[in-house]
Amino acid sequence: SQTIHQWPATLVQPVGSPLSLECTVEGTSNPNLYWYRQAAGRGLQLLFYSVGIGQISSEVPQNLSASRPQDRQFILSSKKLLLSDSGFYLCAWNDRAEAFFGQGTRLTVV
Amino acid sequence: AQKVTQAQTEISVVEKEDVTLDCVYETRDTTYYLFWYKQPPSGELVFLIRRNSFDEQNEISGRYSWNFQKSTSSFNFTITASQVVDSAVYFCALNPGTYKYIFGTGTRLKVLA
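Chains A and B, in that order, give the protein sequences.
Position 89 of the first sequence, counting from 1, maps to 89 under the working numbering, and the rest follow consecutively.
One rule links them: number in the working numbering = place in the second sequence (from 1) + 1000.
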């Protein structure tokens, strides 16, 4: 069966510090991978998606970047965090029938 | 333009009441998929249902039922005899046959004992 791992679950980082969130998928090959952000009390905003290794599409210009170094690994990064980067980050993959989500990372930038 | 609107930001009901969560979508595609997800306090999104644009049959799963009406571009979700465990944020989503999923802003449901 397919599973998706996302870590860490929670993170508190100071403004200006770097960020690296990692997501890995098991049980499938060549998945479409996604990073979403959910700001407090708001909906899900698509940040990046990837249809293959090294292929990244950005939906919203921002302080973040994404990389896909391996087929089933998707990384969300920032060189310098801003206060506005705080939120709940969700990794997902889909098989065209359904999107499966990780358990999320709650990031607080202080 | 593709869009999902969940006009109800928050709903509170008393346990055992029925509640309907509204979802209205916009797309020009003839083939698309609609979804409902539940987000409990833990944060993880839990898949509830997928419906494709060619299947307008309503579906019932236990206390959950979904009413898909293409004529009004709506995909509403009803919980019958609500329970406290149903308290969560519920998201409606549209996949217009591409790589993207478009989510509504969610409806927070509070079921009071």
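Simulated from the structure, these hints should not be mistaken for lab results.
C-beta atoms are modelled at their ideal positions from N, C-alpha and C, and glycine is treated no differently.
Treat the hints with caution; some may be incorrect.
[Unchecked claim] Calculated lysine-lysine pairs in the DSSO-like style (CA-CA distance at most 30 Å, straight line): (1) K1100(B) with K1038(B); (2) K1100(B) with K80(A); (3) K79(A) with K1100(B).
[Claimed, not checked] Sample of chain A residues lacking proximity to chain B, with all beta carbon distances greater than 12 Å (derived): (4) G43; (5) S50; (6) S65; (7) S78; (8) Q103.
Practice task
Check each numbered hint from earlier against the structure, then list the numbers of those it violates in ascending order.
Solution key: Going through the list in order, the structure violates hints 4, 5 and 8 and respects the others.
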